Amino acid sequence: MCRQVLQMPYQSIEVWRKRLAASTERHVKLVALHGNEVIGSIGLEQYSRSRQSHVGAIGMGVASAWQSKGVGSKLLATALDIADNWMNLRRVELTVYVDNEAAQGLYRKFGFETEGRLRNYAVRDGLFVDAFSMARLR
Numbered sequence: 001m002c003r004q005v006l007q008m009p010y011q012s013i014e015v016w017r018k019r020l021a022a023s024t025e026r027h028v029k030l031v032a033l034h035g036n037e038v039i040g041s042i043g044l045e046q047y048s049r050s051r052q053s054h055v056g057a058i059g060m061g062v063a064s065a066w067q068s069k070g071v072g073s074k075l076l077a078t079a080l081d082i083a084d085n086w087m088n089l090r091r092v093e094l095t096v097y098v099d100n101e102a103a104q105g106l107y108r109k110f111g112f113e114t115e116g117r118l119r120n121y122a123v124r125d126g127l128f129v130d131a132f133s134m135a136r137l138r
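Numbered as in UniProt numbering, the sequence shown ends at 138 without a single skipped number.
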């Protein structure tokens, strides 16, 4: 999973505890569990600027062993239900590596469209790589 997400790998459990504890009405975090094991997570953040309060951003990841088993779909469906029915967001956006075709397919399944290519967007394995900006409007 670490290779396909835009976060720093190998962060401590304490860092993740603080992130999960920091949920607010504008920043919702959800995890998927199998027993006591975290197998996926998603964050949905509503922008705080008044002229962008109708916009939210999603970041998510699913453990490699659990990909293509519906975990990502359940996380994304739940986050979008919150975005649509509780936060009243009109636009939800995200970034995804250009070579992560499985994730792009998942996002398209939920109505996301590619809006642009972000060149040299992140460093992965010591190389600069591109990402797509995707969004879903309602």
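Bear in mind the hints are in silico, worked out from the structure with no lab data behind them.
The structure presented is a predicted model; accordingly, all values stated were derived computationally and were not measured.
Please note: incorrect hints may appear among the correct ones.
[As the list claims (entries may be wrong)] Just the calculated beta-carbon pair ranges, DEER-fashion:
hint, residue 1, residue 2, range
1, Gly35, Asn120, 21 to 31 Å
2, Ser48, Ala102, 26 to 36 Å
3, Arg90, Asn36, 31 to 41 Å
4, Gly35, Arg119, 17 to 27 Å
5, Asn85, Asn120, 34 to 44 Å
6, Thr78, Tyr47, 32 to 42 Å
7, Asp125, Asn85, 35 to 45 Å
8, Leu127, Arg26, 11 to 21 Å
9, Ser50, Asn100, 32 to 42 Å
10, Leu137, Glu25, 19 to 29 Å
11, Glu113, His27, 21 to 31 Å
12, Asn88, Val123, 13 to 23 Å
13, Gly126, Leu33, 26 to 36 Å
[What the hints assert, rightly or not] Below, computed lysine-lysine pairings styled on DSBU-like, alpha-carbon distance capped at 30 Å:
hint, residue 1, residue 2
14, Lys109, Lys74
15, Lys18, Lys29
16, Lys74, Lys29
17, Lys18, Lys69
18, Lys109, Lys69
19, Lys29, Lys69
20, Lys29, Lys109
Ideal Cβ positions, reconstructed from N, Cα and C, are used throughout, including at glycine.
Notebook entry, point to check: Checked against the structure, which of the hints given earlier come out wrong?
Noted result: Those not satisfied are hints 1, 4, 6, 8, 12.
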